[in-house]
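Given the coordinates of chain A, assemble chains B and C onto it according to the supplied hints.
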Amino acid sequence: MSALSLRGVGKVFNPGSDQEVQAVHGVDLSVERGEFISVIGPSGCGKSTLLRLIGDLTPPSSGTVSVNGKTPARARLDRDYGMVFQSATLLEWRRVAANVELPLEIMGMDAAERSRQAAAMLGLVQLDRFANHYPWQLSGGMQQRVAIARALAFKPSILLMDEPFGALDEMTRERMQSELLRIRAETGTTVVFVTHSIPEAVFLSTRVVIMSPRPGTITEVVDIDLPEPRSDDTREDQRFFELLTDVREGLRAVEDS
Amino acid sequence: MSPNARRLLSFLGILAVLIAMWEGYKWMGTATGGVWPGTGIGLPVRTNERSMPHTWDVVIALLRPARRGGEMLLLVLVRAALFTWRSALLGFVLGSAVGFGLGVLFVRSALAERGLMPHVVASQTVPILAIAPILVVWAGRLNVTRWLVVAVVSAYLAFFPVAINTLRGLRSPDATASELMRSYAATPNQVLWKLQVPAALPYLFPALKIAATASIIGAIVGELPASMPDGLGRAILNFAAAFSAAPEKLFASILVASMVGIGFVGVVVLAERILIPPSRRLEDLGEAAGQRGGRLKEVVA
Amino acid sequence: MTDRPEFLRKVYFRLPAIGIFVGGLIVWEGMVRAFDIKGFILPAPTAIAATFASETSDLLAAGAGTFSTALAGLLLGGFLAFFTALAAARWRFVRDGALPFAIAANSTPIVVLAPIANSWFGLRSPFGSIFVVAVLVFFPVMINLVRGLLSVEASGIELMESYAAGRRTTLWKLQLPNATPYLFSALKVAAALSLIGAIVKEFFGGSQERLGQYITTKAGLLQFEEAWAAIVLASLFGIALYNIVVLIERRVIPWHVSVRNA
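Chains as they are written, first to last, in the working numbering: chain A, 1 to 257; chain B, 258 to 558; chain C, 559 to 820.
Next comes chain A alone, as it looks inside the complex (with noise of 0.2 Å):
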């Protein structure tokens, strides 16, 4: 059983309006269960609409979704994702520990487990030492970490990440990247991650989905065949450039059609 099957998925907004909007429109798509997708496209060409039907953050218009051979709102309630957002959503009001705590707190751990697991988590991101701080103490990498171990807390199967890097400098960003290769080794995870950035998403995955817009539908699923574990020597790896190029020109092909 694949970890998500996608068939024929379209997503309308205002529909019927003046101002109605074809965002997705028949995108099949499978995903297998440790697989890393990520997403590119230009801006609005509907890969993130795309996530949030797989998430169940809005419904899909058209077409099935299943996650883990369910649907989308049963396997939201089984707590199947994990969501990293653009910016981390830290909850102001709440240390460090606490913020990674709050899924836990949710579906009812009980404390002592909770603050073992966050601990835990905090580790995983390297930031055991900022469990006592306030969100604003940190920085922007260092908030996005915390972010990422609040949606590692409680063990997903799939973490669908919307940009979760795109505020942050380069330098942090390939320190970042790299960094969630590791967790993914150790945790064996599924993530669907929506980029902007070629490089990031050629780095990352084991397949690259290329969209184009209006209405946002795939034209190019690009598999990324560079060697495993991936480090820093991949970043100057011939075969890296070559895949740059692939990826560059299958969103080319999108501009120009």
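One or more hints might be untrue.
To be verified - Chain C is faced by these chain B residues, among others (derived, beta-carbon under 10 Å): (1) Leu-266; (2) Leu-331; (3) His-376; (4) Ser-380; (5) Pro-384; (6) Ile-385; (7) Ile-391; (8) Trp-395; (9) Lys-466; (10) Ile-473; (11) Leu-507; (12) Ile-519; (13) Val-522.
Stated by the list, open to error - In silico negatives: residues of chain C with every beta carbon more than 10 Å from chain B: (14) Glu-564; (15) Thr-614; (16) Ala-619; (17) Asn-664; (18) Glu-783; (19) Ala-785; (20) Ile-789; (21) Ile-802; (22) Val-810; (23) Pro-812; (24) Trp-813.
These are computed hints drawn from the structure, not numbers from a lab. These numbers come from a predicted model, not from an experiment. A virtual CB, placed ideally from N, CA and C, is assigned to each residue, including glycine.
Just chains B and C, lined up with the frame of chain A:
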């Protein structure tokens, strides 16, 4: 259903609920002889005609003569309201000007802010009604007409929100915008008029709405000790004195006082609609609740 | 141990305000003496201070009575506002319908309720004052709370949604904490309002051992030093109540911008 129709319907619904609660409580008290049903515990408020007139009697009172053979109560009250509004308007203009000036002064000089701000805040803890009689004595000495004193009391209440929000608004532009002005070698006056004041305008209007209300309150309160024979304050005192004979007249005058306040706020809202484009208007409760609440409802339902 | 430089820095920061306060008192005193201003127009600060010293027990008794009434009204009004705000945040019908009343009440001089309160609760009963203060406090607190409950970021809601959190959980974990800074800014306004409201209500009648009645009585007897001393005391109580709210705020929301920059 259009949002306005929905709002009107909700308003009428809540109004009906409130009237029903009033009349229901009154009916219950009358039926049980002033105790909670089935107990001997007395109700907190008596339900006789003296304490709680029927809601419709209040409305009817407005259309009846204020005195036997005299003018309609509504007309008497509207005339008193216009008189009060004159003081309030002057107080509003004075208070807003002072408040705006203080805001500009504070943004220009940190020293002035540190020196005066605590006193500005403390000024609002002074019970102004207690000061008003003294102001009246002063006015008598200086041969100033009383309604100007009332305007000063009104300004005293109105300046505070304007000063606070003007300062907040003047400080609202991003650091980058200030640096941009700096790169143009703009003078402090240019920064003020080209950047800070335009940025402060959206903040100014919510404060002006509060100031409009405060100036009416100040005018009515100021009229009480000033022994003004013509204003709403005096009308309210008179009807309060005659409360046991005709309670509905006091309720009616309160209704009119609140209409004056709403009317004044309405004028400010209108000015805001004309002067500030929708994208720059600071959300008020209705709009914020409309958008965010809609989203919230969709999400948590 | 007091951190010396920190302490000195604070004093230095407050120096202009203290200077203006002291300077103002000196000018006031000087003018009263130089122009021989009569006590019924404006008593000198020293005369007020002397009265304060000689009438301490009467003043404090009246002040304590008014203060406790204001506090009771503040708590009652705040409590009612809290539950109304929850309902208004939950049901749009309540929100839409209540808004015009909130605007109306905020535009109404609440003091005009004083004669009604006297009739309802009796001239001497403290409930009349508590009622007026509660009504006065109710609307600003309610409006700010509703705003705080509803002004959560869309991404915060989506986060809670992704955890399949229910409505109650979202209220407790997201909306209420988000509303606390709004609550405190309303409470600061309400603290000053509550004391003024209580005093103004007392002008229209109430126990003799209250500041409002004390001021009217003394002013009626042309004992203006006493009246002024009471006015000063009322201000001090107002400032005290305001600062109590500020202290609680610092404890409860140390994370908020307004507090951490202070």
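Each hint tested on the structure:
no., hint, result
1, Leu-266, "8 Å, holds"
2, Leu-331, "17 Å, violated"
3, His-376, "7 Å, holds"
4, Ser-380, "9 Å, holds"
5, Pro-384, "4 Å, holds"
6, Ile-385, "8 Å, holds"
7, Ile-391, "7 Å, holds"
8, Trp-395, "6 Å, holds"
9, Lys-466, "9 Å, holds"
10, Ile-473, "7 Å, holds"
11, Leu-507, "6 Å, holds"
12, Ile-519, "5 Å, holds"
13, Val-522, "6 Å, holds"
14, Glu-564, "17 Å, holds"
15, Thr-614, "19 Å, holds"
16, Ala-619, "18 Å, holds"
17, Asn-664, "6 Å, violated"
18, Glu-783, "12 Å, holds"
19, Ala-785, "7 Å, violated"
20, Ile-789, "5 Å, violated"
21, Ile-802, "13 Å, holds"
22, Val-810, "21 Å, holds"
23, Pro-812, "22 Å, holds"
24, Trp-813, "21 Å, holds"
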